[in-house]
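Please put together the full structure from these sequences, using the hints given.
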Amino acid sequence: MSQAQRPLQLDAADASAYAAWFACLAEPTRVRLLHAVAVSGREVSVGELTDQLGIGQSTCSHHLRKLADTGFVRLRKERTTTLVSVDPASCTALPHSADALLGMLVSSPDCAQDLPPDVTVRAIEVADWTAVRRIYAEGIATGDATFETEVPDRRSLEHSWLPEHRWVAELDGEVAGWAAAKSVSARPVYAGVAETSVYIAARFRGRGVGKSLMHQQVTAADEGGLWTLQTAIFPENRASIALHQSAGFRTLGLRERIGQHHGVWRNTVFLKRRRADPGVNA
Numbered sequence: 342m343s344q345a346q347r348p349l350q351l352d353a354a355d356a357s358a359y360a361a362w363f364a365c366l367a368e369p370t371r372v373r374l375l376h377a378v379a380v381s382g383r384e385v386s387v388g389e390l391t392d393q394l395g396i397g398q399s400t401c402s403h404h405l406r407k408l409a410d411t412g413f414v415r416l417r418k419e420r421t422t423t424l425v426s427v428d429p430a431s432c433t434a435l436p437h438s439a440d441a442l443l444g445m446l447v448s449s450p451d452c453a454q455d456l457p458p459d460v461t462v463r464a465i466e467v468a469d470w471t472a473v474r475r476i477y478a479e480g481i482a483t484g485d486a487t488f489e490t491e492v493p494d495r496r497s498l499e500h501s502w503l504p505e506h507r508w509v510a511e512l513d514g515e516v517a518g519w520a521a522a523k524s525v526s527a528r529p530v531y532a533g534v535a536e537t538s539v540y541i542a543a544r545f546r547g548r549g550v551g552k553s554l555m556h557q558q559v560t561a562a563d564e565g566g567l568w569t570l571q572t573a574i575f576p577e578n579r580a581s582i583a584l585h586q587s588a589g590f591r592t593l594g595l596r597e598r599i600g601q602h603h604g605v606w607r608n609t610v611f612l613k614r615r616r617a618d619p620g621v622n623a
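My numbering applies: residue 342 is where the sequence shown begins, and numbers increase by one.
Treat the hints as calculated values from the structure; they're not laboratory data. No false leads were slipped in.
As a list, the in silico DMTMM-like pairs of lysine to aspartate or glutamate whose alpha-carbon atoms are at most 20 Å apart: (1) 552 - 515; (2) 523 - 499; (3) 613 - 352; (4) 418 - 384; (5) 407 - 368; (6) 523 - 536; (7) 552 - 455; (8) 552 - 563; (9) 552 - 513; (10) 552 - 459; (11) 613 - 563; (12) 552 - 511; (13) 523 - 564; (14) 552 - 564.
Pair ranges (Cβ atoms, derived): (15) 392 - 580: 35 to 43 Å; (16) 515 - 372: 43 to 51 Å; (17) 594 - 424: 19 to 27 Å; (18) 376 - 536: 31 to 39 Å.
By construction, the Cβ of each residue, glycine as well, lies at the ideal position given by its N, Cα and C atoms.
Here you go:
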């Protein structure tokens, strides 16, 4: 059986972590408590939760401690009041664990199915830069694509993007999107680690352009000596998170208040894709 045909195996450490999360939620009262805190959108006192759920304070405190120990909620004391809030990391870790358990996360671009036949992906050419920068601007305009507020000039992009890892997708005779990778560090030890970006023109979203670009990006990375791809995405950009997960990116965690965007602190979901078998000396 070839490596591409071997069934994917769930890492033992991941399996243990997932089992602990699901075991914590096997108690209906904890599920109700977590939901009550999540939908409140703010810190909630233990007293409020006991009233909402109609349970005793000792019972409520016991289950909240279990939720806190597992990483679903945070507890904060304010004088004699205990305030409860959802741990932001669980908002991405729990969905990721369910995706992994149900086999929705692939580890190889060979697993990609149903790539649109009308989308062509090729290397960026000189004539493409105007369209590339226009699509970049459309991404910035959404408010959920990047911390950038202005489109970098062509020279900056050419300098930062790896020459062998920048692509455009064509659809209906137009440049419909682009993907690129840049080194995360100049240190030799990180030579095979790159940060990736994928942008789709507004009028071509939903037509498989992102899927085609992602497939080309991870294929070229695997064949071109990049053993790790990583990216940071705003949690609100669920379509981008799903696209990356479909290509084998794993959610490593939520980086809270990592930077300001238009004066507002924003979180990012940090994802990573590791080449399936880079070899001992790769």
